[in-house]
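Student: First to last, the protein sequences are chains W and C. Per the numbering used here, the very first residue in the first sequence carries number 1; after that it's consecutive. Per the numbering used here, the very first residue in the second sequence carries number 1; after that it's consecutive.
A hint or two may mislead.
[To be verified] Computed Cβ-Cβ distance ranges for the label pairs, DEER-style:
id, chain 1, residue 1, chain 2, residue 2, range
1, C, Gly8, W, His77, 17 to 25 Å
2, C, Ser12, W, Pro8, 30 to 38 Å
3, W, Asp18, C, Glu66, 46 to 54 Å
4, C, Ser14, W, Glu82, 41 to 49 Å
5, C, Ala1, W, Leu54, 14 to 22 Å
6, C, Ile113, W, Gly16, 37 to 45 Å
7, C, Pro116, W, Met15, 40 to 48 Å
8, C, Gly8, W, Thr7, 32 to 40 Å
Think of the hints as simulated: they come from the structure by calculation, not from any bench. We put the beta carbon where it would ideally sit given N, CA and C, even for glycine.
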Amino acid sequence: DTAVSQTPKYLVTQMGNDKSIKCEQNLGHDTMYWYKQDSKKFLKIMFSYNNKELIINETVPNRFSPKSPDKAHLNLHINSLELGDSAVYFCASSQVLGELFFGEGSRLTVL
Amino acid sequence: AQSVTQLGSHVSVSEGALVLLRCNYSSSVPPYLFWYVQYPNQGLQLLLKYTSAATLVKGINGFEAEFKKSETSFHLTKPSAHMSDAAEYFCAVSEGVGGGADGLTFGKGTHLIIQP
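Make a model of the complete structure from these sequences and hints.
Tutor: Now the structure itself:
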């Protein structure tokens, strides 16, 4: 069973469209995150949720909206996609005393 | 604020040679430090972590790292490189225990190339 799973793994879409990425963890962790990895492999935190409560909201355009229906799920919805949104988006989870466990990533390509 | 600097965006070593990947950190409190590895088209996998216990930390796949407070360093080493070690390596720092809800701050990564 995959610990942190993301869907879809690949998204290819046109500018201006809206897309969502779903994430689920079966580790029983309280905290979940979204990270963005750009074309140079740089990883930057976007959001973190602890027990469904938003903790971190980095400087991210408000076109990005996370949603956590329960502590095992954290989804990311992106409105009005732009070329610069092309990246790999990683979901991760952790317990307070543990390291981050990452999903396989969702590669978004905006044309 | 915490930060991580990885010296060398690319490191090339011969198979069987010593691997040394450098990481220096900046933190206002005693840090927690991590090394992750990313293979092509995959997520990040934890290699090892330092959480204020022993300063020499052993990880998976024969890797180890030494925490040196005086040098603010946490370099990653492996005595003998294997072709399967070719990947992207990330050093990360947290000022909370294991990251908490603040997550980790990552370095820019070092691409390790293994020459046959």
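Student: All the hints need checking, so say for each whether the structure fits it.
Tutor: Evaluated hints:
1. Gly8/C - His77/W: 17 to 25 Å: Hint violated: Cβ distance 38 Å, outside 17 to 25 Å.
2. Ser12/C - Pro8/W: 30 to 38 Å: holds, 35 Å
3. Asp18/W - Glu66/C: 46 to 54 Å: holds, 48 Å
4. Ser14/C - Glu82/W: 41 to 49 Å: Since Ser14/C and Glu82/W have Cβ atoms about 43 Å apart, the given range 41 to 49 Å holds.
5. Ala1/C - Leu54/W: 14 to 22 Å: Between Ala1/C and Leu54/W, where Cβ atoms are some 21 Å apart, the hint holds.
6. Ile113/C - Gly16/W: 37 to 45 Å: Given range 37 to 45 Å: holds, Cβ gap about 39 Å.
7. Pro116/C - Met15/W: 40 to 48 Å: holds, 43 Å
8. Gly8/C - Thr7/W: 32 to 40 Å: holds, 35 Å
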